Amino acid sequence: MKNYITLSDIENLDDLIKEALELKKIDWALDTGKGKTVGLLFFNPSLRTRLSTEKAGKLLGMEVMTMNAGKDGWALEFEDGAVMNSDKAEHVKEAAGVLSQYCDIIGIRAFPDLIDRDKDEAEIVLNAFRKYATVPVVNLESATGHPLQALTDAITISELKDKKRPKVVLSWAPHPKALPQSVPNSFADIMQKIDVDFVITNPNGYDLNPAITKDVSVIHDQEKALKDADFVYVKNWSSYEHYGKVLSVKKDWTLNQEKLKGTKNAKVMHCLPVRRNVVIADDVLDSENSVVLQQAGNRTFAAQAVLKRLLENSDNSR
Amino acid sequence: MKNYITLSDIENLDDLIKEALELKKIDWALDTGKGKTVGLLFFNPSLRTRLSTEKAGKLLGMEVMTMNAGKDGWALEFEDGAVMNSDKAEHVKEAAGVLSQYCDIIGIRAFPDLIDRDKDEAEIVLNAFRKYATVPVVNLESATGHPLQALTDAITISELKDKKRPKVVLSWAPHPKALPQSVPNSFADIMQKIDVDFVITNPNGYDLNPAITKDVSVIHDQEKALKDADFVYVKNWSSYEHYGKVLSVKKDWTLNQEKLKGTKNAKVMHCLPVRRNVVIADDVLDSENSVVLQQAGNRTFAAQAVLKRLLENSDNSR
Amino acid sequence: MKNYITLSDIENLDDLIKEALELKKIDWALDTGKGKTVGLLFFNPSLRTRLSTEKAGKLLGMEVMTMNAGKDGWALEFEDGAVMNSDKAEHVKEAAGVLSQYCDIIGIRAFPDLIDRDKDEAEIVLNAFRKYATVPVVNLESATGHPLQALTDAITISELKDKKRPKVVLSWAPHPKALPQSVPNSFADIMQKIDVDFVITNPNGYDLNPAITKDVSVIHDQEKALKDADFVYVKNWSSYEHYGKVLSVKKDWTLNQEKLKGTKNAKVMHCLPVRRNVVIADDVLDSENSVVLQQAGNRTFAAQAVLKRLLENSDNSR
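Same order as they appear, the protein sequences are chains A, B and C. Per the working numbering, the first sequence starts with residue 1, numbered consecutively. Per the working numbering, the second sequence starts with residue 1, numbered consecutively. Per the working numbering, the third sequence starts with residue 1, numbered consecutively.
Incorrect hints may appear among the rest.
[Stated by the list, open to error] Computed list of lysine-lysine pairs in PhoX-like fashion (alpha-carbon distance at most 20 Å, straight line):
#1 C/Lys-88 - B/Lys-177
#2 B/Lys-36 - A/Lys-25
#3 B/Lys-36 - A/Lys-177
#4 A/Lys-34 - B/Lys-34
#5 B/Lys-88 - A/Lys-25
#6 A/Lys-24 - B/Lys-34
#7 B/Lys-163 - B/Lys-227
#8 A/Lys-71 - B/Lys-71
#9 B/Lys-264 - B/Lys-227
#10 C/Lys-36 - B/Lys-34
#11 C/Lys-177 - A/Lys-88
#12 A/Lys-177 - B/Lys-34
#13 C/Lys-177 - C/Lys-227
#14 C/Lys-34 - A/Lys-36
#15 C/Lys-25 - C/Lys-71
#16 B/Lys-177 - C/Lys-71
#17 B/Lys-71 - C/Lys-71
#18 C/Lys-261 - A/Lys-71
#19 C/Lys-36 - B/Lys-25
#20 B/Lys-24 - C/Lys-261
#21 C/Lys-261 - A/Lys-34
[To be verified] Examples of chain B residues toward chain C, derived with CB under 10 Å:
#22 Phe-42
#23 Ser-52
#24 Lys-58
#25 Lys-214
#26 Val-274
#27 Val-279
#28 Asn-289
#29 Leu-293
#30 Gly-297
#31 Thr-300
[Said to hold, decoys possible] Not close to chain C: a few residues of chain B, all C-beta gaps over 10 Å, as computed:
#32 Gln-192
#33 His-220
#34 Leu-285
Since the hints were made in silico from the structure, they are not lab data. Please read all numbers here as calculations on a predicted model, not as lab measurements. Positions of the beta carbon are idealized from the N, C-alpha and C atoms, including for glycine.
Only chain A is shown next, with the shape it has when bound in the complex:
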């Protein structure tokens, strides 16, 4: 693995999941990262990604340096050839080049604006760091993807499934604000790479990017989709078609115990933070069906497995 920008950077997903679950057992592998530094740069808020990746680095024996971009440092320019006589003090060429001097791996979080689809899909921030950094870059959630979350989700399903090929349903949920498609995009992507029966359900107008969902069946009737599910992954996202919009939806899509009745006592997943009684009802989150905390706990081991691969690769290439 040379970078971890999208799931396609993973060479052998099954091996990586196994390794994460091994790392979960041994807890510390301090020699792997000794003398190495990971720098985490946040353009947006973070709780789980920040702490789990910091912890993953430390569990590998690495030094960790975390910065709130913009707030702690300088406003960055991303445009090539810009005449920088306005509010941006530093070009990403230098910022990425300098971070590469201090860090052996760089993590970047940069959310979409949800205004201009082409601009968000260009992944300007993440791609600029990938282009100008001379060390591996890890996607800590970008405009269109969240591959560390998706790897966590695959690990959690592998850990919890009680049959070879469980049925997994990605179920849209309501939310007062317009949210990115990055989590459902990466989840839909990775579910096509492991051995599950995968279905997406969302209201009309909320279909995800067809280039990502490909042949996955998208069912607009939630009840029908949830039938016999072993796992329900609940998540809101704003419209991809009417880009970034929150469309009015007549039916109630909040996941509650009533809706779980048609499932095979499904385990309920969510990447968190979750708005209770809007996205998922208390009666689900506070029940045995919910595995959201175990899922969040696995973030550490997903990050650890990815950082370990990146370190091993850069060792080999010397």
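Starting from the structure of chain A, add chains B and C where the hints point.
For chains B and C alone, kept in the frame of chain A given last:
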């Protein structure tokens, strides 16, 4: 010790003070916390608590992760059953549950609003973390108490006293802003647990919560109270009776050298930050009487003793 | 070395440069700083200084604690004798005294206001910490100097020069905002301490403080100054004479390839962040002439050499 929420969590105070003073001598005890992580979550500013607790963790060999809640992460909801369709993105149930996956101990700082006494006394933030965290929780100053500061104060008096039972006076001081009662509350509490002759002096209207001060004599004449004092602990707090109010006070309560004359060359303590020439005069802070820096230094060893106990307890309970 | 406030704190510059280049080779020297803590206090934004000094501390085996002053902690009062009944919660006497209890070395970044020259030259923040701290203080860029940057610059020139006495030109550049003179001050200072042919070029009205530039020739014709240069150090600064002002300048002072023609294929340096196509053109920054990233990388080893000296000195003095 299972948590460190209030002073009543301490099983044997004398032992804990002794241990802190032992830890002060040896400086590092890196094996105790090896492979363990403490997460510090600040809802309010901090200098001493932040750095001394970070340092205490490192001195024990722990990994330390510090976050400014709200700023770095997500706005939290504390109400049970809330329909989260407004500005709060994450419920404390998940936040505490998730932090418990990444941290072996969680520290929380959450000040009072000083508007609604019942609400502040409910200790909503701290108690929610205690309720939903599955690891020990440490109070880094809450709405009504600051037990790490109080332990530091007891350690400092133990270290500096030159008689078996010194006279200790908690003396109210003026301040331009309404401040919490958390520090004087915890100080009044711990002074009743060690062998001192303890007196409180404050203007009328500034009596602390009688459920905390109990039988301690509260003297409204500062000069009389200070007579023969070995230690004077100076601190402002807003009114408990007229909750959160700054009442007009006619006499000058600022501690200065003139007022120290009646004492037994008393050592002067303050938890810091201190407003010079308002709370304590320069002629005291810059004199040999002041032990505020030594006191601040002991914050490290108080935190170290508490973290060590919590770690030992969780090891035993496995 | 007892502090690192200005370049005059360096006892033997050649030795220090050599040591930094040795540290660059060995990468880790973990025993030197084991059990020691460096605290970094930022009153202003920072990317390179923050991360390189954090990394330098870690490379020496130190614990590192970083704080954004004001934002994470309390607003500080610097005036002696102040009656603190307004917005400042803590006096630097206590802040510096307390940090000295938690840290073995304290780093301070505090920029000038660029309004009142006398006030900026008094270096109120840095000098207050030097005065009241009981541990070594490191200047992380103050109102009038940036000695860690200057040491980096001397290290970089030593590393890259291909003749005994290269010609080094400090060349002023345009900038939309008023910037401090701290970097050019310290650069002009250190260039007079190593074996180079040093020239400064800037427009009329932009001459630096003559107490710093002393006998260095200041040439107001950029083309003439650049002739045969081996190194060009590009940097904007606001006027010292018309203090803090951005004066209108008729000629174009942006460094570009055209202007490099008269040099000996000069290596181009800048402390970063650099505004592209305002301070230096893309055709220089993206060429082989630019050594700005290597220069930024050396920040780590300059900081490491300084921290190591300070640690060694405090060990000896025990």
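Going down the list of hints, with the structure as the test:
no. : hint                  : verdict
1   : C/Lys-88 - B/Lys-177  : 11 Å, holds
2   : B/Lys-36 - A/Lys-25   : 15 Å, holds
3   : B/Lys-36 - A/Lys-177  : 37 Å, violated
4   : A/Lys-34 - B/Lys-34   : 15 Å, holds
5   : B/Lys-88 - A/Lys-25   : 35 Å, violated
6   : A/Lys-24 - B/Lys-34   : 17 Å, holds
7   : B/Lys-163 - B/Lys-227 : 17 Å, holds
8   : A/Lys-71 - B/Lys-71   : 11 Å, holds
9   : B/Lys-264 - B/Lys-227 : 8 Å, holds
10  : C/Lys-36 - B/Lys-34   : 17 Å, holds
11  : C/Lys-177 - A/Lys-88  : 11 Å, holds
12  : A/Lys-177 - B/Lys-34  : 42 Å, violated
13  : C/Lys-177 - C/Lys-227 : 28 Å, violated
14  : C/Lys-34 - A/Lys-36   : 17 Å, holds
15  : C/Lys-25 - C/Lys-71   : 37 Å, violated
16  : B/Lys-177 - C/Lys-71  : 19 Å, holds
17  : B/Lys-71 - C/Lys-71   : 11 Å, holds
18  : C/Lys-261 - A/Lys-71  : 39 Å, violated
19  : C/Lys-36 - B/Lys-25   : 15 Å, holds
20  : B/Lys-24 - C/Lys-261  : 63 Å, violated
21  : C/Lys-261 - A/Lys-34  : 46 Å, violated
22  : Phe-42                : 8 Å, holds
23  : Ser-52                : 6 Å, holds
24  : Lys-58                : 5 Å, holds
25  : Lys-214               : 31 Å, violated
26  : Val-274               : 6 Å, holds
27  : Val-279               : 8 Å, holds
28  : Asn-289               : 15 Å, violated
29  : Leu-293               : 4 Å, holds
30  : Gly-297               : 4 Å, holds
31  : Thr-300               : 6 Å, holds
32  : Gln-192               : 28 Å, holds
33  : His-220               : 23 Å, holds
34  : Leu-285               : 7 Å, violated
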